[in-house]
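*Asks:* My request is simple: use the sequences and hints to build the entire structure.
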Amino acid sequence: MSRLLQKIIKVTNVTPTKSIRTCSTNLSHQKSLNAEEEFRVLEIPGWTKVEESTKRYVRRKRIAPPPRADSLPMDSDWTDVWPTASSFKWSVVPFPIRQGYIRKMCENEGIVPGKYGNAELMKIPNFLHLTPAHIRKHCAALKAFCTPWPNELDTDEKCQVNFPIKITTRDYCKDGHSIRDERSRLVTMTVALSDLDLDEHAKDKIKRLVGNRYNEVTDVITIETDQCPTKKQNFDYAFYLLSACYSEAWKTEQWESDITEEDQAGFRWSSSESKLAVDKALSGMKNSDNQENIVKNYADAVSDIFNIGESEENYDRMEDAATKLLFR
Amino acid sequence: MAASISKPTFLLRLSNILKRQTSSFFATNTQISKTEEVVEDSDELDALYQRLLVECKGNEPAVLESYEKFIRLTAEELNLNLVSVESPPKVFERWTVLKSAHVHKKHRAQYETRTFFKNFEFKHITGSTADTLLEYIQRQLPEGIVMKVSKEELFKIPENFSKLKERALDKSHKQSQE
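For the protein sequence lines, the chains are A and B, in the order given. Residues in the first sequence are numbered from 1 upward in steps of one, following the UniProt record's numbering. Residues in the second sequence are numbered from 1 upward in steps of one, following the UniProt record's numbering.
Computed cross-link-like contacts, DSS-like style, restricted to lysine-lysine with a CA-CA straight-line distance of at most 27 Å:
| id | chain 1 | residue 1 | chain 2 | residue 2 |
| --- | --- | --- | --- | --- |
| 1 | B | Lys123 | A | Lys232 |
| 2 | A | Lys123 | A | Lys174 |
| 3 | B | Lys123 | B | Lys57 |
| 4 | A | Lys174 | B | Lys57 |
| 5 | A | Lys251 | B | Lys174 |
| 6 | A | Lys143 | B | Lys69 |
| 7 | B | Lys156 | A | Lys158 |
Worth flagging that the hints you see were computed from the coordinates, not collected in a lab. If you're wondering where the values come from, they're calculated on a predicted model, not measured in any experiment.
*Replies:* Structural data, given as structure tokens:
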């Protein structure tokens, strides 16, 4: 191999203008070549003699500063030491803390690992930026943007009287690819039927219009809107629905004159034969002080028999009411 | 009117927050100037929330507990009406699956997710207070915890309702005359 190379090199010596790339393991030939032209040479440590580079790059060793916790003065302000949320730093936290799990008593001398380089402490979200001192500082700044609740509305009843309509909206705060949430467009409106300005006819009509959105027990209309894409639109739509129902309830259409007593939702004493009979009976008698109460008592008793149902109790009530009405 | 409380203007609020942050984060010993003087009232009326329900859930009970302490202290500092703090029953969802793809029915692996809950109920809170509180507690929401906020806002019956009534009565009156 080396002989062959020697031959080639001889040839190159003759024609120096031509450059031939070669590699040689023979140092003498290589040196003679280097004198004329610079060739890259394969250096095999231990075989070829390599000149030692004069300076080797030495990485400077960084000396870690001593943990900050050691030099913290006793009266230092923790809010300055740990101002914002960050993962656990063992060097800053001045108190001893242990976290982790040891499998056997011989492991780590049976002691739960301390804070130094402890990954377990870094995994769990810490509240070192939300100590009472932090919260006090934050709240002192935030207090300027708060307004007090009016004293005139200190109870739920007062709220109900002054502001009968209640609108419930929802917001969702989560860690996800989008800050928007489909569920947040739902708007719920509740209003008590008694708070709306309605007469007997309008009340009956609005109950029929809203259907199962009216709760008989609580006397509350609940309108839920979620068909529009945004909360604002659903909010406006809820108010639109309520005003549409309200306005429609006050209208009396022509066909409503055809409604008979059987079509009514329940027994109404004021337009019944029982009322006519009572009126007739009372017309010949002199008025007493609490006649209104007695008549109302009788009317309720009769209505309950029709609306709630026939029972021993209800008949007894009607009997009492009737006796009071006729034999005062 | 009883409930006419005007809202602190937002821009001023923002500038104050920025001021506050720079002063507290970069200057250690400076006394923070009083912000009350700077806040001006706008003409916009404040919203009234009869009830504010904050529902949180997460996988770490310890973190939820710390968060509860944080909210309790915040409510105390801001003089808020924190009516109740509830911990609804935890939910463990388990899946039992075959360890291998199709065979070895006797050998199974079981996975589970644990979810813990905390509900905070505030009562009688104004719009700007609620905005401030929510901005603060949502910014400090720890990793792995989600929040749902339900607001019950109070409204009067719209003023146009009396007009609607009149118009409807007029219409039906005209119809009956025809």
